[in-house]
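J.: Sequence:
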Amino acid sequence: MTRHVLTPHPGLAPAIGYYLTAMEEVREQVRNAVKDIDVKSLGSPAFLGAHSIGALVLHIGEAEWWWMQCNVAGHEITEEDAKAPYWDVLDEPNAFESKGYTAEFCLNEIDKIRNQTRDLLFGLGENDLERIFSFERHGEVRDHSLRWILHHLIDHEAQHKGQILMLKRIMAIR
Numbered sequence: 245m246t247r248h249v250l251t252p253h254p255g256l257a258p259a260i261g262y263y264l265t266a267m268e269e270v271r272e273q274v275r276n277a278v279k280d281i282d283v284k285s286l287g288s289p290a291f292l293g294a295h296s297i298g299a300l301v302l303h304i305g306e307a308e309w310w311w312m313q314c315n316v317a318g319h320e321i322t323e324e325d326a327k328a329p330y331w332d333v334l335d336e337p338n339a340f341e342s343k344g345y346t347a348e349f350c351l352n353e354i355d356k357i358r359n360q361t362r363d364l365l366f367g368l369g370e371n372d373l374e375r376i377f378s379f380e381r382h383g384e385v386r387d388h389s390l391r392w393i394l395h396h397l398i399d400h401e402a403q404h405k406g407q408i409l410m411l412k413r414i415m416a417i418r
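First residue of the sequence shown? That's 245 in the working numbering, and the numbers climb one at a time after it.
Rather than coming from a laboratory, the hints here were simulated on the basis of the structure. Among the clues, some could well be false.
[Unchecked claim] Here are the simulated DSS-like cross-link-like pairs (lysine-lysine), alpha carbons at most 25 Å apart as the crow flies: (1) Lys-356 - Lys-279; (2) Lys-343 - Lys-284; (3) Lys-412 - Lys-327.
[What the hints assert, rightly or not] Distance windows between CB atoms, simulated: (4) Val-283 - Ala-317: 29 to 37 Å; (5) His-396 - Asn-276: 21 to 29 Å; (6) Ala-328 - Arg-381: 19 to 27 Å; (7) Leu-334 - Ser-389: 20 to 28 Å; (8) Thr-346 - Glu-384: 24 to 32 Å; (9) Arg-418 - Glu-320: 29 to 37 Å; (10) Asp-325 - Phe-349: 13 to 21 Å; (11) Asn-352 - Ala-326: 15 to 23 Å; (12) Glu-384 - His-248: 35 to 43 Å; (13) Arg-386 - Phe-349: 26 to 34 Å; (14) Ala-259 - Met-410: 28 to 36 Å.
Beta carbons are placed, not taken as given, at the ideal position from N, Cα and C, and that holds for glycine.
Modelling step: build the complete structure from the supplied sequences, incorporating the hints.
T.: Put into structure tokens, the structure is as follows:
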């Protein structure tokens, strides 16, 4: 019989550790879905208007970086940040293919971001889960708790994982 359980990531406040463990589980599923995809398939959209699988992988990292580094850690976006391979990666779907990124490159980029997230979470405790982080978008202030942000990141990555798996089927990628 197979047994599936979640245990909190060691060294973190238990509740935060459970979120990170869930994030790691979904990340491993994304990794397994894309690790063997060739450069052409990774960069080519499955159909007109679709994002490529590689761009979706980098977008997963971009979202995590923005939520954790800019909102939770308070980092202000710099010109250097805007040059990162993952930054605004979905804005120009046709541009991704010309970059020639490998699956390994894309996965390494999101691993670097996950390491930053992990480091940030090690400095937080149970009480921080209810801490509110505010930002302004389109002239409206938005408030989110750390608990909501971590849940959102799990949900966001899981949704894109499903999208990636669907694109693999459409493109007949094994």
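J.: Next, verify each hint and record whether it holds.
T.: Do the hints match the structure? See the list:
no.: 1; hint: Lys-356 - Lys-279; result: holds (16 Å)
no.: 2; hint: Lys-343 - Lys-284; result: holds (10 Å)
no.: 3; hint: Lys-412 - Lys-327; result: violated (28 Å)
no.: 4; hint: Val-283 - Ala-317: 29 to 37 Å; result: holds (33 Å)
no.: 5; hint: His-396 - Asn-276: 21 to 29 Å; result: holds (23 Å)
no.: 6; hint: Ala-328 - Arg-381: 19 to 27 Å; result: holds (20 Å)
no.: 7; hint: Leu-334 - Ser-389: 20 to 28 Å; result: holds (26 Å)
no.: 8; hint: Thr-346 - Glu-384: 24 to 32 Å; result: violated (39 Å)
no.: 9; hint: Arg-418 - Glu-320: 29 to 37 Å; result: violated (44 Å)
no.: 10; hint: Asp-325 - Phe-349: 13 to 21 Å; result: holds (18 Å)
no.: 11; hint: Asn-352 - Ala-326: 15 to 23 Å; result: holds (20 Å)
no.: 12; hint: Glu-384 - His-248: 35 to 43 Å; result: holds (40 Å)
no.: 13; hint: Arg-386 - Phe-349: 26 to 34 Å; result: holds (32 Å)
no.: 14; hint: Ala-259 - Met-410: 28 to 36 Å; result: holds (32 Å)
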